[in-house]
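There are 4 protein chains.
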Amino acid sequence: MIVIMRIGCSQEEINRVMNRIEDAGLKAHVPFGDERIVIGLAGQVLPGLRDALELLPGVDQVIPISKPYKLASREFHPQDTVVELDGVAVGGNDIVVMAGPCAVESEEQLLVTAQAVKAAGATVLRGGAYKPRTSPYEFRGLRQAGLRILAQVGKETQMPVVTEVMTPEDVELVAQYADILQIGSRNMQNFVLLDEVGRTRKPVLLKRGMACNIQEWLLAAEYVLLQGNEQVILCERGIRTFETYARNTMDITAIPIVERLSHLPVIVDPSHATGKWYLVPPLALAAVAAGADGLLIEVHPDPDVALADGPQSLTFDNFRLLMSQLMPLAQARNRKIAMPRARIKP
Amino acid sequence: MIVIMRIGCSQEEINRVMNRIEDAGLKAHVPFGDERIVIGLAGQVLPGLRDALELLPGVDQVIPISKPYKLASREFHPQDTVVELDGVAVGGNDIVVMAGPCAVESEEQLLVTAQAVKAAGATVLRGGAYKPRTSPYEFRGLRQAGLRILAQVGKETQMPVVTEVMTPEDVELVAQYADILQIGSRNMQNFVLLDEVGRTRKPVLLKRGMACNIQEWLLAAEYVLLQGNEQVILCERGIRTFETYARNTMDITAIPIVERLSHLPVIVDPSHATGKWYLVPPLALAAVAAGADGLLIEVHPDPDVALADGPQSLTFDNFRLLMSQLMPLAQARNRKIAMPRARIKP
Amino acid sequence: MIVIMRIGCSQEEINRVMNRIEDAGLKAHVPFGDERIVIGLAGQVLPGLRDALELLPGVDQVIPISKPYKLASREFHPQDTVVELDGVAVGGNDIVVMAGPCAVESEEQLLVTAQAVKAAGATVLRGGAYKPRTSPYEFRGLRQAGLRILAQVGKETQMPVVTEVMTPEDVELVAQYADILQIGSRNMQNFVLLDEVGRTRKPVLLKRGMACNIQEWLLAAEYVLLQGNEQVILCERGIRTFETYARNTMDITAIPIVERLSHLPVIVDPSHATGKWYLVPPLALAAVAAGADGLLIEVHPDPDVALADGPQSLTFDNFRLLMSQLMPLAQARNRKIAMPRARIKP
Amino acid sequence: MIVIMRIGCSQEEINRVMNRIEDAGLKAHVPFGDERIVIGLAGQVLPGLRDALELLPGVDQVIPISKPYKLASREFHPQDTVVELDGVAVGGNDIVVMAGPCAVESEEQLLVTAQAVKAAGATVLRGGAYKPRTSPYEFRGLRQAGLRILAQVGKETQMPVVTEVMTPEDVELVAQYADILQIGSRNMQNFVLLDEVGRTRKPVLLKRGMACNIQEWLLAAEYVLLQGNEQVILCERGIRTFETYARNTMDITAIPIVERLSHLPVIVDPSHATGKWYLVPPLALAAVAAGADGLLIEVHPDPDVALADGPQSLTFDNFRLLMSQLMPLAQARNRKIAMPRARIKP
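Chains as they are written, first to last, in this note's numbering: chain A, 54 to 399; chain B, 54 to 399; chain C, 54 to 399; chain D, 54 to 399.
Treat the hints with caution; some may be incorrect.
The list treats identical chains as one, so a pair stands whether inside a single copy or across any two.
Calculated pairs, DSBU-like style, for lysine-lysine (alpha carbon to alpha carbon, straight line, at most 35 Å) [said to hold, decoys possible]:
no., residue 1, residue 2
1, LYS80, LYS123
2, LYS389, LYS171
3, LYS123, LYS171
4, LYS389, LYS329
5, LYS80, LYS120
6, LYS80, LYS208
7, LYS171, LYS80
8, LYS329, LYS80
9, LYS120, LYS389
Hints in this document: simulated from the structure, not taken from any laboratory.
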């Protein structure tokens, strides 16, 4: 940590800062600077100390130097994390395409979708059973019945399944059915929920909160990792900005930044990032070009009658077309789209 | 709802839109417009229909006309809601000042703070027992022990108490100790939690999410109201923008906007909005000038050693100074600061 | 400046940083830190050096310590700047209300408005002759004819006048008619224009750019000050955020922040900040409560037929009502509204 | 335009709206709606009318239907615009790479850079002679001397050159030397400058303002087009958001949106969008994957000593590496990188 003093601060103020640092059991380095005095300190800084120092007279600002996350940091863990699902690995050289409807509506709807997306090259099936909705008047999901359908269709089509869990109480139940537990963007800082999924041994797909910066996203991952669950997949899904043509602003730059700061795999959800189906294919292609490890895409047999998020869902035809464009693009980046294959688990 | 067609759309496309509207059991009005055709429809529009129409060929955009919230809307409920606590009313002519430490740290810390803020004119005591923290390495509150201290000190000083509840499972417990249940900004769209506090009969202080617009905030209130709990107090606490000098950007305009759109009382938390104690007094004064019904202010006996949010806490002296400035200001707006008085409940 | 090295950087990398600093003629301090090495340097840092250091291998980040503005900074100029107009001072104890129509439309329109706002207590007359418009199809102002009317009406009503100048070529002309040169928010970083108004000896009202942070705003002021023009009045007028109910988000916190960082006076334009007339009075009151030195308010005899910005203009009645509310509010803050008085200049 | 009335508005209020519409010479359609009355109107709506209607009693909101830009709109001009430079076409099937230093520093620096980027596959040379700088203390460009060097090196290497013009007065001069006139993001709404470049017959590269939405960007293009200059190239360069790791947030979604709304070509500047050289290659690749018609990339022989924007400049080696990655990627999208070829002009 670095303490920057105001111009013209007194020797007494400098001493007080140094004493406060030493009271906390840390080492204050010799102050330096001409016009403006700077004091550095080393050692494990407790959270309150920064605040305390910033309040002392003569202090202009306090600048932390350490990154606040450790377990999620590439500096402490240079090797890429690869999350191994049954039959597919996220974070390796292959790009994993997860696809399916926004919400599980019926077994038939899910099965026909699963078969279509698998045939086109998707390897993980997505489908929401619990749906967070901005308005209390909208469809909130089939809940446990949806979980059952999801697991059943996943088994039938031999695809691992990913679904959202919205509240700590449901974690155990959802974990019985799902292969990946999704934390939605509105819950990225639901810390009780993060602790709870951290205590499972299921991979966690952690969506970025729409007003959260990258450091906060990695700190949310840190919550999960700290409970001993190392299988975290990050998912960029757009942030909130003044531009309103698309539902959110997809932060494509987050992909190479996360790759630099963290060892965790990062995928992209262009469906929620844009809210409009015709923007999904260009953004899916862009995400892979920028280095994403996978995609999460909404596909619906008849978006026209979908109970949720119809306008951002691809039809089967449009999904097939996208997959046919993704394959050469991945190749141009020396990667390939992960192939659907038989699962080992019965 | 209004459907706007693309320039040059075909009659067949227009017909398809009108048929889709009528299939949904609604009435489509005669299309109008010269250059660009517009179709209006009336009746209760189900959520999926908007999406479905936007997908039809020839459609440029679909514009909703109804406000999506009803119970929170002033159009449907012109009379101001006044939340009656034991001994103080929020949303009437008096401005209610809620004050206390960010986190309950000990009985002594809370008691001395409660006595100081009450003496200075605060009428509600705040104190966190469960603390949402961006980093898992920070102090997360005394939890149930904190609740006990809070209730005890509230009783001793005859002040109603407000404290945050972070997860649905804790609602029942927190409601046993608290007079007002606070939903933090990170939980504004934790819909399971909103449902749960909606099922209690305790007043709910609903902080605005830092990336949520006013409509979404009112929709979150709608969740609580829909469960039958009519005692919702809205709390503006800053939104996230590109300006980073203060922790957040306090959206002062939200106060008169909410007053126009909703009948619910609105208060302001200048401590979290700014993150710096020296910005709290000017923003507290501004909030009251703009029409806020109350304030939520962090006060600590020794911010220098606070376990949480020290830099944004006022000392007792600074809080007293602020209160002495608030009183004439409230008067200049033909309001007054609510007076501390004896509670009726034992 | 502080150079923070990556964890595990080599001694050679540290040496290279130190050599680079010394090559630039500056002094590098002894590196310190346990886990992470930090190097401080002192002396006048040229702009390119920060960039150069950040590129060196082993460097994690470079943190500037000096504030980039000097002339606008309170640290270097603790005394408040008071801008003296003929008959009114901006930045002293009195709050200056500047009012008038968005655009000068005719002599009659301006005269009747000037008389009304002066009678209600405004001391400076605003009126646009050159109007920046988002669309090329909108009214762009009466230009020189507007300037002539403005000066004429200002003389007749004995009010100093403020008007926008949009381009360097017009500065000389506008300065012949105006008492204050306004730089609009879209031109806050029009550096050629800043240089040009800096070369005049007319007070400059510098609106904050809608995507500019406070440091950039003060740097824009620095451009003007650096040319020798010390009479800069800052004007907050809302920033752009995701919240769209009002036209912009008024950054009320900017007022006390600017007061802390700079000696320049700061006023607020609640008309452009909100875009809706009914939001103007609460925000005007809030601005004064937060410490603003003045207000810039749009008033129109008949907003219904205004050629520009009708919806944000107050009627005469609403302006009078606002002034009657402002006076006691200013008093409650130990200030007062500046009184209209005779100008000395003929 | 659509006028939406408040619930419970009176017949008199409805009539007043209809009369106001007809007074403006437009046709008001029969009001419709159950709970909420809606009035549609057709015809060319003058700017002030929307505002006027919104002020009438009983009106909830007014929603424009027409897009405010015409010349820039794809609805009115379905065919793609291709900007033809001497020897290269922007907006066709080939992707045009524009590269060079942020600022022209010397003939030698520019020549060696031009040769390097041309050899690697760039077809247009960029270089700043007039530099907008946030701080007045930074290097502001070689000005006319820089223009001369730029034109000289462009001729020598047979590359068209693009350079920024900052103020209307300089347009004529810059147009003598440059093949493309660049409008910087801070000047996107410098309307006098837009008019002035619109009066030349040089292609204009119009960067998006960092707080401007897509509609405002297209309206800025409309200014240029309205003066008769049809050769506008749009350039996305990042918008300002709360995320601060990169200098700006590149809005990759803007590419397919602009392609849908406008016939103008759109390119991307990943250097300014990110401010960090190591983020430039992934974003350049992403931009092409998303459908961009070209790239504008900063390259410097020795970024370590660059006078401006060193940290975002690629070295020659990194630029060559990027080009070798772009070529297969473009092919995977059925496009190709434009080839450098001899210019026809002497």
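One pair to classify: LYS329 and LYS80, alpha carbons no more than 35 Å apart. Within, between, both, or neither? Between copies, since 26 Å is at most 35 Å while 55 Å is not.
Within a copy, between copies, both or neither: where do LYS123 and LYS171 come within 35 Å Cα-Cα? neither (37 Å within a copy, 43 Å between copies)
Between copies, within a copy, both or neither: which fits LYS171 and LYS80 at Cα up to 35 Å? neither (59 Å within a copy, 41 Å between copies)
Checking an output row: LYS120 and LYS389, CA cutoff 35 Å. Within, between, both or neither? within (33 Å within a copy, 42 Å between copies)
Between the shortest in-copy and the shortest cross-copy C-alpha distance, which are at most 35 Å for LYS80 and LYS123: within, between, both, or neither? Answer is both; intra-copy 22 Å and inter-copy 33 Å each pass.
Regarding LYS80 and LYS208, is the shortest C-alpha distance of 35 Å or less found within a copy, between copies, in both, or in neither? Neither. Shortest intra-copy (58 Å) and inter-copy (44 Å) distances fail the 35 Å Cα cut-off.
Within a copy, between copies, both or neither: where do LYS389 and LYS171 come within 35 Å Cα-Cα? Both. Shortest intra-copy (16 Å) and inter-copy (31 Å) distances satisfy the 35 Å Cα cut-off.
Is it within a copy, between copies, both, or neither that the alpha carbon of LYS80 lies no farther than 35 Å from that of LYS120? both (19 Å within a copy, 27 Å between copies)
Using 35 Å as the alpha carbon limit, work out where LYS389 and LYS329 are close: within a copy, between copies, both or neither. both (26 Å within a copy, 28 Å between copies)
In summary, the structure is inconsistent with hints 3, 6, 7 from the numbered list given earlier, while agreeing with the others.
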